[in-house]
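Asker: One letter stands for each residue in the lines below.
There are 4 protein chains.
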Amino acid sequence: MPGNTIGQAFTLTSWGESHGAAIGGVLDGVPPGISLDINKVQKALDRRKPGGQHGLTSARQESDQIHILSGLYDGKTLGTPLSFLIYNKDQRSGDYDAFKNIYRPGHADYSYTMKYGHVDHRGGGRASARETATRVAAGEIARQILQLSFPTLQITAAVIQMGTQKLNASWSGHSYRENPLFCPEEETIQSWIAYLNDIKSQGRSVGALIEVYVKNLPAGLGEPVYDKLDADLAKALMSINAVKGVEIGDGFGCIAAENGYDELSAGTPSKHLTNKAGGIVGGISTGQDIICRVALKPTSSTLQSRKTLTKDEIPVDVSITGRHDPCVGIRAVPIVEGMVSLIIMDHFLRWQGQCGTTFRK
Amino acid sequence: MPGNTIGQAFTLTSWGESHGAAIGGVLDGVPPGISLDINKVQKALDRRKPGGQHGLTSARQESDQIHILSGLYDGKTLGTPLSFLIYNKDQRSGDYDAFKNIYRPGHADYSYTMKYGHVDHRGGGRASARETATRVAAGEIARQILQLSFPTLQITAAVIQMGTQKLNASWSGHSYRENPLFCPEEETIQSWIAYLNDIKSQGRSVGALIEVYVKNLPAGLGEPVYDKLDADLAKALMSINAVKGVEIGDGFGCIAAENGYDELSAGTPSKHLTNKAGGIVGGISTGQDIICRVALKPTSSTLQSRKTLTKDEIPVDVSITGRHDPCVGIRAVPIVEGMVSLIIMDHFLRWQGQCGTTFRK
Amino acid sequence: MPGNTIGQAFTLTSWGESHGAAIGGVLDGVPPGISLDINKVQKALDRRKPGGQHGLTSARQESDQIHILSGLYDGKTLGTPLSFLIYNKDQRSGDYDAFKNIYRPGHADYSYTMKYGHVDHRGGGRASARETATRVAAGEIARQILQLSFPTLQITAAVIQMGTQKLNASWSGHSYRENPLFCPEEETIQSWIAYLNDIKSQGRSVGALIEVYVKNLPAGLGEPVYDKLDADLAKALMSINAVKGVEIGDGFGCIAAENGYDELSAGTPSKHLTNKAGGIVGGISTGQDIICRVALKPTSSTLQSRKTLTKDEIPVDVSITGRHDPCVGIRAVPIVEGMVSLIIMDHFLRWQGQCGTTFRK
Amino acid sequence: MPGNTIGQAFTLTSWGESHGAAIGGVLDGVPPGISLDINKVQKALDRRKPGGQHGLTSARQESDQIHILSGLYDGKTLGTPLSFLIYNKDQRSGDYDAFKNIYRPGHADYSYTMKYGHVDHRGGGRASARETATRVAAGEIARQILQLSFPTLQITAAVIQMGTQKLNASWSGHSYRENPLFCPEEETIQSWIAYLNDIKSQGRSVGALIEVYVKNLPAGLGEPVYDKLDADLAKALMSINAVKGVEIGDGFGCIAAENGYDELSAGTPSKHLTNKAGGIVGGISTGQDIICRVALKPTSSTLQSRKTLTKDEIPVDVSITGRHDPCVGIRAVPIVEGMVSLIIMDHFLRWQGQCGTTFRK
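Residue numbers (our numbering), protein chains in the order written: chain A, 517 to 877; chain B, 517 to 877; chain C, 517 to 877; chain D, 517 to 877.
If you are wondering where the hints come from, they were derived from the structure by calculation, not from laboratory data. Certain hints may be false.
Which copy? The list can't say, so a pair holds if one copy fits it or any two copies do.
Unchecked claim - Pairs of lysine-lysine residues, derived as BS3-like cross-links and limited to a Cα-Cα distance of at most 30 Å, are as follows: (1) LYS682 to LYS616; (2) LYS592 to LYS682; (3) LYS592 to LYS716; (4) LYS565 to LYS827; (5) LYS556 to LYS605; (6) LYS787 to LYS565; (7) LYS592 to LYS827; (8) LYS787 to LYS827; (9) LYS716 to LYS565; (10) LYS605 to LYS592.
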């Protein structure tokens, strides 16, 4: 399969350039007869929507209205492909004319040109984070389906570090009040807003650390030895724009630690005393919380002047004047939740295919 | 596809339990007519072989002799599936009888039982790191094929941190003298050996940080938006036993950094002035060094007593007396190289399929 | 993968119900930088369009206008997913209200209900032949790309039997004057039209035999032992609505024949004296014409009254009064060409991936 | 995926050349905890075994003993890959030295050479029907697993035409007494044996028509619109050596027929009055018998002299003196049953993944 489909049993095939007519996706393998709440899908898209967040993220006014074109009849899934699209309305392609023949540093202009030769330079084209809207929509659909089988399932992400700013205490995956920075610590929100406004006013940008918890998922999901649940999560998360690192459980912290195991106990709901493993051992879920952290690099489009090359390899200085987020990591929170939902859904159907109750004899 | 096949155009299907008759793999999509040096494949397996390394890793005497069963005729690949196997000789299954009904903490006994019901408890069965020998063999075959098209290609991994011990200086991916700890810094080897002997004598274990460089790979490999080169590397590396984190380029270090981009310049071979991105932007290689780091947790099988449950959920204390590595991370170096080689090979064939020179018009 | 994607290196993911908002498809793995002639894609759709053909096929007025939503910029392919859709305009869903709770014999109402529980009954929903428009559009795009590498390639299908009516002489795959019955024999067209009008006026229907030739394709395409070129063609053709049989070369005729081989000779362009094999031996193309025949059953929607069940399993008699084709086989000609084009394209990219010239040493 | 893996949820990856060390396969996606009867797998292999059948098929003495290397512990499946191999013992490669530089007409020597350049000429290498032993073994394992969920399931094939010889009456898929010709009509066996001995003594060969029935499979299996159950069966059957045609239900007979539908009725177990469709409508099983027919060409290796080319394209005459079957179709009966079993098994797991009872709400 070429690279625009993710999943094995529950698949998302995604398409669309940032400034083309539309972006969209096709979900296949959707279980039939399930009532979907499309308003909630729209709400998930709105959470990711740039500009709706106190001016702290990109000012582009995307309407991001989802249109379901197939796979749904009378409000319920048909089991056939569910196709959806989102039109690209506020395209302002002219903003990008100046960059048509320039490789913008930190963007994929150079590597895309090396691979494809012919590229759509407008807003990054296919390499734009605009593409991630399809991940959010598809992920929310996956989550709704999962919830039918696992009513207490929770998939929650938050920003736990933004640039140099950390939380006062560690977060444990609990739900939190919606806020523009996806900060799970109520008392920290205002200082982060001040920090980010400062960054923005200086035309700078910073990275972010996002943490995601999956709670109340049963043990047994994951397909060793290559499609381990953690391996598939790592891929799904690393495929998000600007992500440069992924860790599970104690992650990089385990290098200098000792006793890299979690003792088992009959007295706890999860049957384990600790959760250094982050809920996955041997590539299979243990029934404990699944915990991942994702590192995102600072936005490349800052206001500083920088050295680059034209497509004819003439050195030039360039400074980006278009819209930008001072911290792309913020917007990645719903995307992370979406990708985790897609992977869990895919593994649930794969588990059910191989291990469905009919067989345990 | 179920979970024991990796790759799309160049695939490894792996099989085998630690204490079954054998382990092995099937490579499909192998280009035809290529002379393979099977001695080098054997040598790669020997590098990973436990016990051959100054007594610092597991004492199990695996012969790990590779047998090629198909796909090779007259020393050259046929383009048909290349099947290989390695017999499990030193099985000593009796070592594991005591653990037949116990979930060993940190091992996959619990999660495998939750998924499959019926498990092969001997030495971890399919969850054992023994399975990784197939990755090393397949990876070396991939590397040999890649080398024909990219004669200067280098794929080199090293241990850059072991427990609390770091290198004196950062490593830049250069080749180094073979040594039992895969330590790339000559003057550090002896102190690491002393450190590890100390850990071992106390029945403890520590984690490790492995870094891998891919040098002299052209720009243009990677299949956005899901099969990005970094996403596929993250999956392949996270699928290795004991790995808990993966990062590319500046990785987690980029969170608090600024200017998350690399300027371009005509004056350098790689056309970039820095390499914060780790050689991959937008999911496609830039022609710069590809740089990944992988965190491995400490071996779970240490000599301390620990709490656990029997399969009937009776609490017991257990202490592992079998063979073990004080630092599994060491043995992972050839495995990391193998997985990276497999992914690069797969993406090379995928690139050639879609973008082969016939089409650039 | 679920069932709505075909191909491995060049994939079509298809979606849409007959009376939903739209139908469409996503092509992935498209080689970049290729100029596409969208007018020709539209023309291919028009060839398949019911009602445009002398009133001999279904009277539904589908506009079938293709909209390209991504993957094309400045008239050339980007190498990113090419998404297209066709709106369903003349939906007249009311026509189908009477059949909402009835299993129409010969249609997929019963089997779809058994599988999915919840179905879109309008016009057959996903089971409608309307879906095949996406195959025609995608196939024409594949053909245009193939033509760049193989300028003399021809993929031509024709109706060689319609009900009891056969051609006077065997057809050899040559191109022929466009006519509403896709009949390759000029002198036979009028008698077939008379025959079909007769069938139609009586509310009856007949089946058809379609033959397809691929000319001027080089030897070497096909992926044994399962993705043989003939096996993939058989699947692609059998997946077309109403198809009940597929044969290659001498096909079923070879059972009672002898000498089931083609002698080789230096004196002919194809290096073979005969072509009983139909251009594929061992699952790989020989460079001769590829020849397949496809049997299509008579349209199920005829005017006769017939026995069936309601969804509550009450016996009823039903007679279909909606639009119908007296011979669906006719419309299948462009669909057959489309599916063959998709399979050849996929195998071309797969061949190039594994066997690209770099490797033949 | 390259071409040596079949299935999506239950996969067989096959490997091996006719005269290499061994042939074998890897089954992945196997449900865990299932007791397998390996003796029955061996018995299935023996049914296919050439030479064991009254001297009517190839005289090669293959021992065809199956060795299970993984995935089975204590007699029960682990849910991990089940690897098996069969050594090639009676290799007599010398028989083929004379053909090393000659394209044998009707064999894949020419097309394999065009694709791969470097080929294993001995006995056809990968193109040999020897490869099909893995299909039979894997298919028997699939059948045993299916039988647990569908105790009355029957998958039975028979030869219904051999050369010019047909049965006296049509066969309805019932089981029949084992006989060397897989002839389901007791009174016909002796005349067929006489006919075939005659063919053999003259060094000639004939084709065969095999019919296969699947009885007592529930409605609902199949994955439209490309992985329709009939489409996947067509591919699986067409991928068998020497197969040139596949039809379902009335197949090619429906071209000139009318009323191409089966009426429904409450009074029959299958809810249908007839079965023209062959048990599959819209690509999904109806619960009726699934009926396919497969045409196999005459063995290419007959004793007549024939024209061909050397690999240097020098014309020569060649006559094959090695072992051969006068009718390869006979041996294909267990292979056909095996392939049908694999496809049904794969679709069962796919159905269970998407439509498992948890979801029908």
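Asker: Let me make sure I understand: some of the numbered hints might not hold for this structure. Which ones are they, in numerical order?
Answerer: Structure breaks hints 1, 2, 3, 4 and 6.
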